[in-house]
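Colleague: Chain residues, written in single-letter form:
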Amino acid sequence: MTNNKSDIIIAIFLLCFSGVMINDSSNIRDLGFEGMKADAWPRVVLWLLVVMSSVMLGKSYLKFKTVSDKDNENFSINLAKFKNALICFGMFMLFLSTLDYLGMLIGGILFVFGLLTLLGGFSHKLIVKHLLVSILSIGFMWMVFTFGLRVILPEGEILRVW
Amino acid sequence: MFDVILQAGASVLLDPVTLGLMGIGTLAGLLAGAIPGFTIAMGVILTLPFTFGMSPIQGLATMMGVFVGGFSGGLMSCMLTGIPGTPSSVATTFDGFPMVRSGKPGLALGLGLWSSFFGGMISAVILVALAPQLAFLGLEFGPWDYFSLIVFALTITVSLSGDNMIKGLIAGLLGLFAACVGEDEINGVARFAFGSDHIRQGFAFLPVLIGLFAFSQLLSDVEDSAKAKAPLMKNSAEAIRVEHRKAIATVLMNWINLIRSSFIGIFTGILPAAGGSISNILAYDQAKKASNNRNEFGKGAVNGIIAPEAANNATAGGALIMMMALGIPGDIVTAIMIGALMIHNIIPGPSFIQDEPLLAYGVFIAFFAAHFFMVGLQAFALRLFLLVTRIPMYILASVILAYCAIGVFALHNITFDIWVMFGFGVIGYFMRKLGFPLAPMILGVVLGKLAELNIARAIGISDDYSLFITRPWSLFFLIMAIVSVLFPFYQNAKKRYFIYKNVCSNKHDFTCLTIIFNGKPCQNGCGRYITFSGMLFHL
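Protein sequences, first through last, are from chains V and C. Our numbering numbers the first residue of the first sequence as 26 and each following residue consecutively. Our numbering numbers the first residue of the second sequence as 728 and each following residue consecutively.
There is no bait here: all hints are sound.
Label pairs and their computed distance ranges (CB to CB):
| no. | chain 1 | residue 1 | chain 2 | residue 2 | range |
| --- | --- | --- | --- | --- | --- |
| 1 | V | Val45 | C | Val916 | 13 to 21 Å |
| 2 | C | Gln734 | V | Leu56 | 44 to 52 Å |
| 3 | C | Met980 | V | Leu156 | 54 to 62 Å |
| 4 | C | Gly1162 | V | Gly44 | 18 to 26 Å |
| 5 | V | Gly44 | C | Ile1209 | 27 to 35 Å |
Read the hints as simulated data drawn from the structure, not as lab findings. This one's a predicted model, so the numbers in the text were calculated from it and none came from an experiment. Where a beta carbon is used, it is the ideal one built from N, C-alpha and C, also for glycine.
All chains should be built: construct the whole structure from the sequences, respecting the hints.
Modeller: What follows is the structure, encoded as structure tokens:
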């Protein structure tokens, strides 16, 4: 996925990120004590990040100018290649967003079942297999944490009402 | 001291619960090490949440089991299928797999197993002897020395992180920045919180590490649909009876190789950033150079199995020396191990062995005892491993993703930690894809607060910045840091000089010049430019 073009984009992004953070570091309160201020270390880190990102930008730009146009054209974001990763991101985000309502047990089972089905396929046999895997795995872990390790996992609105 | 060792030994070895937990930990480590795509770090991460409710000694014994088991687990898959389970068993494949294919699988597995055992034992002895002495030395370190040591640890990680040092440095700086977010340790002032109370508390250490490493790894594992749906291993393997007696005799007959490789492993483990992935190849290379039958290497040579396996288990002991004595993690695994110790309110450092001798020696004895479990459980782990490899990766990844969420929540009982894991998981995934090494970032996260604390202490004690270069240890670490950054450039220059001397017929030829300075012929469109060490010059 990497080439000079992508490195240029990343370097610019890192420069913008560093800029925003350096700007925000001016909001860090100074308590007036002796010694190193609270904003000193992060600023050192961020300025070093600016320097390194600039070097990366310069290097990538110079390489971009010297290699052939054909090599530079090779960079393209192929979303199909990242389909499974995007599915995982989406499902995990959904799982987290609904955690307060569904709880860890129901939410976890639905998350694993949904992810297994989206990644593995939709046939009848597979759906039954995925359902079993999700119920057994999450049910087992939920029991280990709740009863074995005494961790109070999010109960969720549904189980609470029920 | 002897009393303390006896007491610590009794707390680990005479408690059946602790022993049982260590056994389970070792089995988990063996499996994690054996499954290709999983790593020792993943094993440590996945076992960690189960130790929350345990006593410190039980938790530590379990983690030591995973740690030791992980280093030995890789040999099962690399020998039986030719696929290394972990990077620390890559060199074992060179001779282990050919020996299995030549009809001696029992001996091959036995050699790997017992070399790991003896290598681990040698490193355990060195660990007990050296760690307290190094910690004693560490007590003399001032904040200047500590800060310089952290700089050295970070730079050496960057220099070992591959071709693109700039990306390694950026990753390290991003890790240091992530450690800055939240209230600062010295003044308690909020930084980069953007009005969020959760961010004000800072990012907890383990959700960041689990996100960066485990979450992103799992996403990479399921990226290819076809591979994700297929069973983990296509090459079928059968459970094999290990030839213990013959293997022990053979390993002990090759004692020089065993000891040399173990010391290579220990030394590599002590070095920050250099782990089992390097030591096993170094030891294999040295064994080959020292052998009278070099031609046998690659075809099932006995010494080709003993060397990498002894070295990778010895690396674990070496890494523990540095971690326990100075609190500096050597690599990703030890960084996560430090997180695991912190869960049990144990912060490794120079004063730890003096302040908590029972726990410290408990760790050493657990490391020692875990090797016996490793030998005892290998046969059972082999059967389990064969079962697990029939499961497709997408099933394992989905279940483990949910498990990571439960484990991270159990850490502080707040949902925000799961969001942190998710956020850093996304960052880690894109960093992997964009060619940024993760090890410097992980070490940056682990060492960031320590670096800031020590530089603040140094400035608080004295305004004299020259102390960083006038104190001998600080100067030594800073010189080592500079050397570690410049060494890859030196290696490149050496490579180019070799090409210049041996390849180029006409040394003034433009193509030859570009080979010398660029390491390879210039591509089309190079024009009148050459690059040297990443900098472009106009001819």
